[in-house]
Each structure stands twice: as C-alpha cells, then as structure tokens.
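2 protein chains.
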Amino acid sequence: MPGEVGLVAWHDYVCKEPFVCEGGAELPGFTLRYETYGHLNKAKDNTVLICHALSGDHHCAGIHSLSDRKPGWWNNIIGPGKAIDTERFFVVCSNVLGGCQGSTGPSSVDPRTGQPYHLDFPLVSISDMVRAQERMLREALGIERLHAVVGGSMGGMQALQWGIAYPDRVDRLIPMATTARQSAQAIAFNEVGRLAIMQDPEWKGGAYGPGGGPDVGLAVARMMAHITYLSDRGMEDKFGRERVLGDSARSHFDAEFQVESYLRYQGRSFVNRFDANSYLYISKALDRFDLHGPAGTLEETLLAVRARVLVVGFSSDWLFPPSQNRAIVHALLRCGKNASYAELETSLGHDSFLVHAPELYTLVSRFLTN
Amino acid sequence: MPGEVGLVAWHDYVCKEPFVCEGGAELPGFTLRYETYGHLNKAKDNTVLICHALSGDHHCAGIHSLSDRKPGWWNNIIGPGKAIDTERFFVVCSNVLGGCQGSTGPSSVDPRTGQPYHLDFPLVSISDMVRAQERMLREALGIERLHAVVGGSMGGMQALQWGIAYPDRVDRLIPMATTARQSAQAIAFNEVGRLAIMQDPEWKGGAYGPGGGPDVGLAVARMMAHITYLSDRGMEDKFGRERVLGDSARSHFDAEFQVESYLRYQGRSFVNRFDANSYLYISKALDRFDLHGPAGTLEETLLAVRARVLVVGFSSDWLFPPSQNRAIVHALLRCGKNASYAELETSLGHDSFLVHAPELYTLVSRFLTN
Numbered sequence: 000m001p002g003e004v005g006l007v008a009w010h011d012y013v014c015k016e017p018f019v020c021e022g023g024a025e026l027p028g029f030t031l032r033y034e035t036y037g038h039l040n041k042a043k044d045n046t047v048l049i050c051h052a053l054s055g056d057h058h059c060a061g062i063h064s065l066s067d068r069k070p071g072w073w074n075n076i077i078g079p080g081k082a083i084d085t086e087r088f089f090v091v092c093s094n095v096l097g098g099c100q101g102s103t104g105p106s107s108v109d110p111r112t113g114q115p116y117h118l119d120f121p122l123v124s125i126s127d128m129v130r131a132q133e134r135m136l137r138e139a140l141g142i143e144r145l146h147a148v149v150g151g152s153m154g155g156m157q158a159l160q161w162g163i164a165y166p167d168r169v170d171r172l173i174p175m176a177t178t179a180r181q182s183a184q185a186i187a188f189n190e191v192g193r194l195a196i197m198q199d200p201e202w203k204g205g206a207y208g209p210g211g212g213p214d215v216g217l218a219v220a221r222m223m224a225h226i227t228y229l230s231d232r233g234m235e236d237k238f239g240r241e242r243v244l245g246d247s248a249r250s251h252f253d254a255e256f257q258v259e260s261y262l263r264y265q266g267r268s269f270v271n272r273f274d275a276n277s278y279l280y281i282s283k284a285l286d287r288f289d290l291h292g293p294a295g296t297l298e299e300t301l302l303a304v305r306a307r308v309l310v311v312g313f314s315s316d317w318l319f320p321p322s323q324n325r326a327i328v329h330a331l332l333r334c335g336k337n338a339s340y341a342e343l344e345t346s347l348g349h350d351s352f353l354v355h356a357p358e359l360y361t362l363v364s365r366f367l368t369n
Numbered sequence: 000m001p002g003e004v005g006l007v008a009w010h011d012y013v014c015k016e017p018f019v020c021e022g023g024a025e026l027p028g029f030t031l032r033y034e035t036y037g038h039l040n041k042a043k044d045n046t047v048l049i050c051h052a053l054s055g056d057h058h059c060a061g062i063h064s065l066s067d068r069k070p071g072w073w074n075n076i077i078g079p080g081k082a083i084d085t086e087r088f089f090v091v092c093s094n095v096l097g098g099c100q101g102s103t104g105p106s107s108v109d110p111r112t113g114q115p116y117h118l119d120f121p122l123v124s125i126s127d128m129v130r131a132q133e134r135m136l137r138e139a140l141g142i143e144r145l146h147a148v149v150g151g152s153m154g155g156m157q158a159l160q161w162g163i164a165y166p167d168r169v170d171r172l173i174p175m176a177t178t179a180r181q182s183a184q185a186i187a188f189n190e191v192g193r194l195a196i197m198q199d200p201e202w203k204g205g206a207y208g209p210g211g212g213p214d215v216g217l218a219v220a221r222m223m224a225h226i227t228y229l230s231d232r233g234m235e236d237k238f239g240r241e242r243v244l245g246d247s248a249r250s251h252f253d254a255e256f257q258v259e260s261y262l263r264y265q266g267r268s269f270v271n272r273f274d275a276n277s278y279l280y281i282s283k284a285l286d287r288f289d290l291h292g293p294a295g296t297l298e299e300t301l302l303a304v305r306a307r308v309l310v311v312g313f314s315s316d317w318l319f320p321p322s323q324n325r326a327i328v329h330a331l332l333r334c335g336k337n338a339s340y341a342e343l344e345t346s347l348g349h350d351s352f353l354v355h356a357p358e359l360y361t362l363v364s365r366f367l368t369n
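So the protein lines, in turn, are chains E and A.
Residue numbers for the first sequence follow numbering that gives the first Met the number 0, beginning at 0 and rising by one.
Residue numbers for the second sequence follow numbering that gives the first Met the number 0, beginning at 0 and rising by one.
Hints in this document: simulated from the structure, not taken from any laboratory.
Among these hints, one or two may not hold up.
What the hints assert, rightly or not - Far from chain E, some chain A residues (derived; all Cβ distances over 10 Å):
1. Glu16
2. Val19
3. Gln100
4. Arg111
5. Gly141
6. Ile163
7. Pro166
8. Asn271
9. Pro293
10. Glu299
11. Tyr340
12. Ser346
Stated by the list, open to error - Restraint ranges, calculated between C-beta atoms of paired labels, are given here:
13. A:His329 x E:Asp67: 48 to 56 Å
14. E:Val108 x A:His63: 57 to 65 Å
15. A:Tyr360 x E:Leu244: 43 to 51 Å
The beta carbon of each residue, even a glycine, is placed where N, CA and C say it ideally should be.
All chains, please: the whole structure from these sequences, using the hints.
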C-alpha cells in the first residue's frame, strides 16, 4: 500500500548574483521556492526533478498543515511506494522563474528600485526557467546529477530543455502531454487570454497594486484555458447538458448549465491564487518555445540529448495532441537516441497527466527503476 | 460561367401583432430585415430560404453599392448559375429575431416604453427565429411553401427546426456543420464569451448607450469563438509560427505572431458590426437548442420531418464535429426518413461551409434540382 508524503515545508533559494536571461536582459538576482520529499542518497544521484505546468507550483506532494484539505498537485504519483517513490528517490520541485508562488516574477520587488518589477521584468524563456533550476539544485542542494526530470505540459518542455542543455547531468526524461513547439492554435488561445487580462481596466499597464489587479480578465483567461485542458467527450461525460438547480426567477444570463457554473468557479478560484502578470509572462514563454533549430528540424536540437527518454501522450489531449508528442520521439529516434513513446487512451484531455491513472503509474515507475 | 447577383437592397417586414416567444414572454411586434435574389415563380414553389449563423445577417449575396468591396457572406454559393442558382430559385434570407442588423433585437426600441429593450428583451429560441421567418415569408412575400431551407451552423439548426415545425411546407433541408444539440464544450466556449462581455464595465448590465458598449469584452468573445471556427491544422497551414514584421523595439505583449495579429483584427472589426447584447441572446439560443425529446431521443422530434434531408459535415469541424452531424442523419434514417449524409474532407474547420468548395457546390446543386 502506497503511503503519503505527509507534512512538508517549502524552502527558498536566494541567488544574489546577476542572472542574464536568454533575451539579454539581466535580473540582479532571483529567488526560487522549492520543496523536497524523500532523502538524497550519499552518491547524490537519486534526485527526480518535477517540473510544473503554467498554473502549477513547487507544492506537488504532501500537505502544509494538518488542516490542509488538498495535497500538492501531483500527490497521486509522488509518495512512499507510489510511481515516483519517495522511499527511493529524492524528489525536488521548484516554482518557475517568472512565477508568483514564491519565486521571483513580475510581482516581486526589484531590489534596484524598491518597487515591483511589473512589466520591467524581462521576458523569461523555458530555457531561463531551467537554468535557474539548475543553479538552485547545485547551490542549494549540492546536486550535480539528476536521476530523472519529469513533467507534463510546460513541465514536459522543461524536461526536454534539461536534456538538451545539460546532457551529461540527467539520466532520464519523462515529458508528458507536451510539444516541441507551441502550435498556432495554442498561441491563439494564449493570446486571447492575455488580451482578456490586458484589456481589463484594472490591469493598468501591468502596474496594478498588491490588493488589486485584473481579476475579471484573469478569470476569463483561465476559464477559456480550462476548456482546452479538458476534452469534448470528457465534458460531455461530466456535465452534458445538466442544468443547475434553482433555475427559476433568475436573470437571462446567469449560469444555467452545470458546465457554466463549474467554469465560473474555476475562474474565481484561480484569481485567488495566481498573479495576472505572471500569467502573461509564463504563457509567453510557452508560445516562444520551439525546439526546431535554425534549419527547421528538431534533430538539430535533440541531437544533444543523452538521457533515455519516455514521452507520454494522451489520446484525448487536443492542446498538445498525440501527434505532437510522437514527433518528439520520432526525431529522437532519427538521431539514434534511446527514446520510446507511450500513448494512453483517456477521455480527460490535456489534464489526463494529472488524474488517477494506474497505467501511467506503471509506466513511470518501471522507467524510473529500470 | 456563373454570374453575380449584383446590386441588391434589403427590405423590412414589420409585424405589428404581438409575438409570443417560446419561453412565454411577449413582444408587441417585430421587424425582420431580409433580402431576396432571383424571381418567385407563378406557382410560388421555387423559394430557397437561407438561414444564417451566429454572427451572420440577411445580406448573403450581391453588393449594396458599386463601391462595396465585399459581397454578401455566401456569395460564392448563391447567384446565377451557381450552386444555389438564382436563375432557377427565388432566394430569401432574413436577419434573425434577436439580431442587430435590422431585425428586432435587444438594441431595438420597445414601442411600449420608447426605450431600447436591453435585457428586457425576452430570451428567443431557434424555434422563435423560425416562427418569425415563417410569418415574414407568408405575409411579406405570400410564400407558403419552400423548395428548400439551407444553412450552416446555427443556420443548420434553423433548417432542422423548419422541417420539424412545418413538415408539410418544406420539401428539402440542407443543414450543414451543425448539431441537434449544443455540446457541453460548445456551451462552455459561449459562456466564456458571454462572461467576457458581461464583465466589461462598459456593458453596464446591458444598458449601454448607442455610442458605447462592451467593445473589449465583445472583441475577446469574438477572438475566442473565431479559434473554434478554424482548425488546428488550418491555423498551422495559414499562420504556423510566422512572426509579424517590425519585431524590434516593441513592448513584451504586443502581437508577436501573425496569428495574434490576425485575431486582434478579427476582434476589432467584429465590434464595429455587432451588438454585444445580441451576441448574448443569440449565443444563448444556440446553447438551449436541443432536438432531443422528453424521452431523450432525437427520433421523437425528427419523426415529424417530411422533407428530404441532406446533412453536410466537415472532417475538420471540431465545434460541431462530423459525429454530431451524422447523429442527425442516423436518427432520421431510424425514423424511415429520406436522409443522406455527406462528409467533406477539409482542413478549414467549422468555417468550411463558408469557403470556396466545388465539392460542396455539386452536392448542393444536385440535391436542389433533383
């Protein structure tokens, strides 16, 4: 029987040296907030790095207090005896650079001015996120080598980037529900979300105060994005055309269907935990992600990879559909790399990597321990 | 060689008698704006009624002045010698009840108060739209019988509704890219669009003045909806990851990719031609559309149909995917009706019914003249 990680606490790694972003702009330093579960072995070679998606954070397993109603976002796969077994592996997860859950992002104070960065924060890339993580692992935890990097969606992009940027220091990659480059459709959805935020008068050119912000725009962006994380069939199964209760004596455009009520709730709750400017920066990093080299092929970039790679795609994911997951593996195989592809039949869309899925657990567990 | 309809003018049918909506509320009267092309024959049995989609209108062919840069929205299929041949058929198209292009809708003045209806306008249904059309055809044009009803998307819903409500008065139906009921995913997208509009402070509870309105919210709603009218592959083919020119010295979140610039343009231009409250009402009519009867089957409702039916689906349409188009035909066939289904291979998504498609023209032309 798998157990639970239990009570966990976060830590902050503070880097006081300048960090030059891929685009050339310089941060005077940065903080990454992270959590760890399990124990680093003496050889320091049992670390599994977890990379989170757009709206995720460093808290991927366990609880912060005994009254916590919800554990970390990947608690179903991380823990003693679970697929990512904390009795065997030292699991690390950090909030990305540009984020808003403790790591340095646009809502952080610029030490040079004493004011929040807002839009003076430089554009960060997936590569910048990975370089900041690498530094944190080395300097805060003394970890030079990773047993594996695992992540879904934007986390999968980071896993790939790890394999490319640090080929000699990572043994296994498990990118899930991801892509080697953001498609036009995915860019389009992100752009509409960004415009919803930026056209909210409360955005104020990004310079909203700590108590305010474009809540309405951010909620709309989140609701739209949330549809892309599910699937047509999954929504049909879960909501269909079910009405909300108390249908009478309401105004024309109140939530009438369950699916409307569900989305409104998703929008409201997201606003309470996420910063709108971080949403702009991180979604932009996603849109700019493209592993194709100057000659237009994936092979140019993936040739650097030395890790063994297991790519996992989900049949009902239409944001990063199986074809995009497969393309990564095909390019790796054309380069003669050790890569395999598993496609799981699911009806839950892009978010399939986050839900209870014994088939996924077996794949991950075997790949990590083999 | 097919010719052009050429210069056309619209007409207004004004009904001064009360109109009771499906929901029970009463309009003191209504206006429908319409256009006609070709000539009604002596037997008055050569009318082809065209029904438009959410953002369409009565102007589906020809030009309004010699300086018009764009003809009506379905000019490629309607005209002398075209698939819907105006030398043979009398083509009629009206702006739907609830619309904003001349027909009575929430922005119209309530004669009882002298003020615009705004949200006092009753919720209208697809059935209400069809009943208003029927009255207009009979009273304004003396037409009792239709050779065919043709429409895509919401226009296809109206075509089906015509066949159900007036089985003895319509000979042929061509519903395209449509559904017998709005799916949870389609409702979800409409709901996010409505919230974008209603949460724009300029919406003012629906009571914005004639010069104002929630332009920002409406543009966001339109941009998001526009993504659902295209397809992943179509967007990849058209835009891919092409950058806009003049990339330097711009701010972080200006349009960077062509697809972003295209969507922004779509949003801006829609605001100039569409009323936000009409968008709320018509999208709601779509969401409420469900031809399934009390026992939960389509057959209960479709049993009434006597017309021959040709349903056309498009392989890349993910808003009303082929499976939903097919379901209509299967139910008709189970009822012993004369129905057939054509599925066209396209990459242009839901909007495929609007673009140049010789295969579609042949199907429509043969079905109308057979």
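Hint-by-hint comparison with the structure:
Here Glu16 (chain A) stays apart from chain E, with its beta-carbon at least about 24 Å from theirs, past the 10 Å limit. Consistency note on Val19 (chain A): stated as away from chain E, and its beta-carbon is indeed over 10 Å from all of that chain's, at 17 Å minimum. The beta carbon of Gln100 (chain A) sits about 21 Å from the closest Cβ of chain E, which is more than 10 Å, so the claim that it is off the interface holds. Its beta-carbon lying about 19 Å from the closest one in chain E, Arg111 (chain A) satisfies the requirement of being farther than 10 Å from that chain.
With a closest Cβ-Cβ approach of about 35 Å to chain E, Gly141 (chain A) is found to remain outside the 10 Å limit, as its non-interface label requires. Even its closest Cβ contact with chain E, about 19 Å, leaves Ile163 (chain A) beyond 10 Å, as expected for a residue assigned away from the interface. The beta carbon of Pro166 (chain A) sits about 25 Å from the closest Cβ of chain E, which is more than 10 Å, so the claim that it is off the interface holds. With a closest Cβ-Cβ approach of about 16 Å to chain E, Asn271 (chain A) is found to remain outside the 10 Å limit, as its non-interface label requires.
Even its closest Cβ contact with chain E, about 14 Å, leaves Pro293 (chain A) beyond 10 Å, as expected for a residue assigned away from the interface. Distance check for Glu299 (chain A) against chain E: the nearest CB is about 16 Å away, which clears 10 Å, and the non-interface claim stands. Tyr340 (chain A), annotated as away from the interface, keeps every beta carbon of chain E farther than 10 Å; the closest lies near 20 Å. With a least beta-carbon separation of about 12 Å from chain E, Ser346 (chain A) lies farther than 10 Å from that chain, consistent with its non-interface assignment.
Our hint of 48 to 56 Å for His329 (chain A) and Asp67 (chain E) holds, since their Cβ atoms are close to 50 Å apart. For Val108 (chain E) and His63 (chain A), the Cβ-Cβ distance of about 58 Å falls inside the hinted range of 57 to 65 Å, so the restraint holds. Between Tyr360 (chain A) and Leu244 (chain E) the C-beta distance comes to about 49 Å, which sits within the given range of 43 to 51 Å.
Hint violations for this structure: none, all hints satisfied.
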